[in-house]
Amino acid sequence: MTVLTAPPEQPRTGPGAPAPGRRGSRSRTGRSLRGGPVTYTVLILAVLVSAFPFYWTLVAASRSNADLARVPPALLPGPDLFRNIDAVLAEADIGTALLNSLIVSGSVTAGTVLCCTLAGFAFAKLRFRGRGALLALTVGTMMIPPQLGVIPLFMVIAELGWVNQLQSVILPGLVSAFGVFFMRQFLAQSLPDELIEAARVDGASTARIFWSIVVPVARPGMAVLGLLTFMTAWNDFFWPVVALSSQNPTVQVALRQLGGGYVHDQSVIMAGTLLGTLPVLLVFGLLGRAIVGGIMQGAVKG
Amino acid sequence: MTLTAPAGTAAAARPSLVRRAWRTASPYAFLAPFFTLFTAFGLFPLLYTAFVSLYRVELQTPGEMEWRGLGNYTALFADDFFWLSLRNTFTIGVLSTVPQLAMALGLAHLLNYRLRGRTFFRTAMLLPYATSVAAATLVFAQLFGRDFGVVNYLLGLAGVDPVDWGTGTVASQFAVSTIVIWRWTGYNALIYLAGMQTIPAELYEAAEMDGASRWRQFVHVTLPGLRPTIVFTAVVSTIGATQLFGEPLLFEGSISGGISHQYQTLGLYLYEQGWGFFHLGRAAAVAWVMFLLIVVVVGANALIARRRSRTEAGR
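Protein chains in written order, with the UniProt record's numbering: chain A, 1 to 302; chain B, 1 to 315.
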């Protein structure tokens with residue numbers, strides 16, 4: 001909370017320090033005062049707090065269990081990483097879990113992006129009866145957590161005999177009201193009506209217009225939606241825990257198993273956590289900038 | 001809503017009947033995949049929950065339903081643990097949401113300065129968001145360990161006696177809230193930052209000319225400009241807080257949220273009813289109570305927001 005009340009930084013060098021010319025050339029909104037030492041100190045502290053649990057996962061996963069039961073606690077990585085990974089692969093079948101998570105998150109991402117782009121395009125650029133009502137229905141349910149529907153969903157899945165099968169997680173995962181809204185906003189802003197009109201005059205069908213005009217324009221939005229969807233799908237917890245079990249787990253289900261007291265070796269649990277987090281961290285490391293941009297864009301548009 | 005030319009005007013020369021029919025129908029074809037899934041796996045389960053909550057349904061035989069009327073609800077309201085979990089949901093919600101948003105606001109303010117390595121700072125702040133609830137909770141459970149946890153070790157350096165983070169109500173709720181705060185502060189900071197960047201620079205220049213201090217600029221320019229964003233994040237975080245499940249479940253791996261249910265949330269209580277005690281009907285009643293809770297929260301928020309903007313307009 002001190003972050004909030006602390007005066008941002010030391011007094012600037014002069015009354016009008018940041019040259020107005022430079023400010024004007026960058027953008028006409030927001031502020032562009034230079035950050036001082038206090039700003040950097042606080043931000044670096046925040047980064048350390050953000051990163052420490054990751055670092056500590058690595059430390060704990062590379063130590064023996066005896067090392068972890070010691071005061072002062074170990075703060076540097078040790079030599080046991082691969083031994084612990086072997087143990088967790090044997091005890092919790094993280095290998096299957098990783099593969100399953102990849103299948104689930106991949107299919108959910110592809111399906112969601114396609115469905116949402118189709119629907120988003122219709123909402124943004126096509127005229128039809130009931131458009132307002134359908135959009136209101138979509139946006140209105142955006143805020144309602146899917147968790148509230150798990151009981152009937154489970155009953156349906158059980159009737160279909162899908163418990164413990166991946167499609168029970170994939171199909172419900174495809175429903176993203178947010179995605180539809182996101183693609184609608186994206187296309188409403190970046191797809192000029194004239195482009196569609198011109199194609200119509202040339203006699204192109206709506207389907208043709210979709211594939212050869214809408215999709216290319218929508219690609220940046222689809223990429224961002226895909227990234228966010230992938231991370232959400234990979235990290236989804238409640239429904240997979242309900243619908244799957246340790247016989248056919250995703251990573252999160254396997255982690256729940258690990259944390260549920262079946263494995264007592266803390267360093268083995270941490271090795272599992274490390275393996276389960278690594279893929280998203282990899283995605284994040286490669287595409288973090290795009291994800292940051294996507295979240296900030298979504299915030300402004302939403 | 002800035003839609004222009006309707007699809008089927010005189011633009012195309014004279015389409016055949018089939019093509020005209022397709023043109024009227026095609027928008028629905030575009031919507032069909034989403035709405036089919038949405039109806040089957042989104043809307044239907046949500047509404048059907050209310051229906052199920054009036055029946056006795058067992059986990060092992062989800063096909064057999066026996067009418068119970070409001071029986072599930074009376075059983076719920078007679079259960080002390082239900083009220084306890086409702087209270088826990090509220091206290092953990094406040095403990096996690098308020099500091100989270102306040103810190104996010106502060107961080108966003110700092111990120112809004114011109115910085116070296118700003119992409120690095122932004123990305124690093126968002127790192128916790130990339131982890132799953134499960135992974136984060138397992139790690140924090142160890143950091144908060146009573147005997148060998150890093151948190152107690154650090155407290156010990158500062159001369160504080162070790163805290164048993166699992167047992168006490170306040171301590172355990174604080175620990176659970178910490179996980180939520182850690183995961184979501186950076187995310188909210190970025191959303192605030194995006195909002196701050198849309199505030200016109202002239203407002204700050206004018207305030208500066210009037211001799212307003214940095215702090216007064218923050219209070220009188222930044223905060224009012226961010227109001228819609230703040231309302232949005234408050235609503236989203238509050239809804240998230242009503243749904244809290246993974247953190248309390250995995251903090252100690254117990255489905256009851258601690259020995260004396262000291263940090264059991266409604267989400268966990270729902271899971272315990274359904275998948276611990278096999279009462280799907282009663283779990284559905286919990287879900288419906290949670291839904292009403294959200295309606296109240298969102299409604300109250302909308303009301304406050306509207307009243308505030310009205311008083312401001314009247315000024």
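These aren't lab readings, by the way, just hints derived from the structure by calculation.
A virtual CB, placed ideally from N, CA and C, is assigned to each residue, including glycine.
Take the hints with a grain of salt, since some may be wrong.
[Claimed, not checked] These stretches of chain A come out as covered by chain B in the derived footprint (C-beta under 8 angstroms, 3 or more residues):
#1 96-107
#2 202-211
#3 253-259
Enumerated hints in conflict with the structure, sorted upward: 1
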